[in-house]
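Undergrad: In case you want the letters, here they are:
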Amino acid sequence: MPPQLKTLLPLLAVFICIFLVARHFLIPESFGKYGHYRADSMDETAAIPINYVGKEACAECHDTETAKLASDLHSVLSCEICHGPGALHVADAEKGILLKPGTREFCGTCHSINPARRTEVINQIDTKEHHPEKDNCIDCHNPHAVWELKE
Amino acid sequence: MEHLYEMLKQVDGYIYPNEIELHWGILIVLYPYITGLVAGAFILASLERVFKIKVLRPTYHLALLTALSFLIVAILPLVTHLGHPFRAYEIMTTPQVGSAMAIFGFVYLWYLMVVLLLEIWFDYRHDLVVWADQSKGFKRRIYKILTLGVTDISPKALAWDEKLGYIVTVIGIPSAFLLHGYVGFIFGSIKANPWWSTVLMPVIFLLSAMVSGIALVMFLYMIISWIRKVKIDMACLDEIGKFLFMVLILDFTLESLDQVHRIYEAEESFEILHMLVNGKLNITLFVFQGLMGTIIPLVILGLFRMYLPKEKIRIPMYFLVSNLVLFGVFFMRWNVVIGGQLFSKSFLGFTSFKLGMIGAEGFLMALVWMIMPFLILSFILWLVPPWKKHSE
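Sequences listed follow chains A and B, in order. Going by the working numbering, the first sequence opens with residue 40, and the numbers climb by one from there. Going by the working numbering, the second sequence opens with residue 77, and the numbers climb by one from there.
In case anyone wonders, no lab produced these hints; they're calculated from the structure. All of these numbers come straight from a predicted model, not from anything done at the bench. For each residue, glycine too, the CB sits at the ideal point set by N, CA and C. It is possible that part of the hints are untrue.
[As the list claims (entries may be wrong)] Example chain B residues on the side facing chain A (calculated, C-beta under 7 Å, incomplete):
#, residue
1, Thr169
2, Asp228
3, Tyr340
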């Protein structure tokens, strides 16, 4: 056997052994249980606290607003779309402060003119041209019943 | 939401939301470019070793060391792009054999460990032993480690070096083809993208890799001869020029065939691709890749086949050709990688790409990875200079 191979072959064997040992320690224990990923990641993801509570949880206390919401065009929306995640608020109404937006910018995310949006589905306005004398949309519109205009 | 409206300014026509931003930037352009340089340089080296083209001897070791320096860097644009260097080993420890992309780790490792390092080691073992005896201090220790303890330099052992090195080179040629054919396959196999999806892609990538690798060795040979203040071996340079001409013709023919085929077939994607090459890729495809990177070098090298002017003219011309080819092949990769993401898969619109200066995906980052192989090569050439080899 050539002297080169007498060194190279054992070196290759050592390299493969190191790789296998490293592989043994580097692969997470639950890898491959369900598929080509770490099975424990499922439980870890499931354990992440949920921030949203859903419309029903809001309705338990805020029945007036819920009824109003159901009566008009925004009936399909969930409360937390505008007010933000409510889990903290449900746990402690004092600490979990909810959002009350209503600015042109916020309402404009859905209602500003965009050719890619269908007008039959969402009413759209030019947020700059539409009653520029008013600051915010909620100065006139009641967001829980949008066609119920103030004044 | 404002962010989306800002971004929509870069869109023409209709485009799906996930196509507005290009996910593969200049670093992914660099990856096939650098890998191609490796494969090309190695194939040039194997011409001397396996196909016994002795006139190429002056560039043999340089080509091998160039391939090594660029191969070390080849993965780094990918690692930078992905942004999770500490997870990089996972493609090796938990290989996903169903994914062509995930197999790169093994293709790379095979080429680095089994082909390049082994061939260079067999080639340099004799010199490493001699240099270890002649030098002192730190350098001596490095040479000793590099011999891996095999210090037998009897004629019998040296004959084994030659024989084993030859076997490795023979294995190396299909491996070099595999390495770059594989990179072409990554793009060619994406059936959803008509700009990429062609069976010719691996072959085109391979040929353009050979073109760029040969041009790189040509360029480096001239630069290094100039730095060392030694005379350029014109027979060798002319021979490299001849091979460059040959491979360039093949590359040009195949790429044209691919385009002609597309034009004649005129599938439903044709209209958008037609707009793409005449619009956003106009300069990079027709001027940079076509005219500067292919036609001008072809004309110069073709003229040299008919009439060989004096050295004084040939040397700057070869220098120009090598630079133009390197420039052109870079834009070939650019046109593939960036071009393939510019049009919508709805075939109804375009997005645009603006290369940033700074940031992980910026021009400066790409420049770092482009300069790095030259620094590594300088170090390797300092450590194991081919011109000081015992056998030379």
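Undergrad: None of the hints should be skipped; say for each whether it holds.
TA: Each hint, compared with the structure:
1. Restraint check, Thr169 of chain B versus chain A: the minimum CB separation of about 5 Å is within 7 Å; hint holds.
2. The interface hint given for Asp228 of chain B holds, since its Cβ lies 5 Å from the closest Cβ of chain A, which is under the 7 Å cut-off.
3. With its C-beta approaching chain A no nearer than about 36 Å, Tyr340 of chain B sits outside the 7 Å limit, and its interface hint is violated.
In this structure, the one hint that does not hold is number 3.
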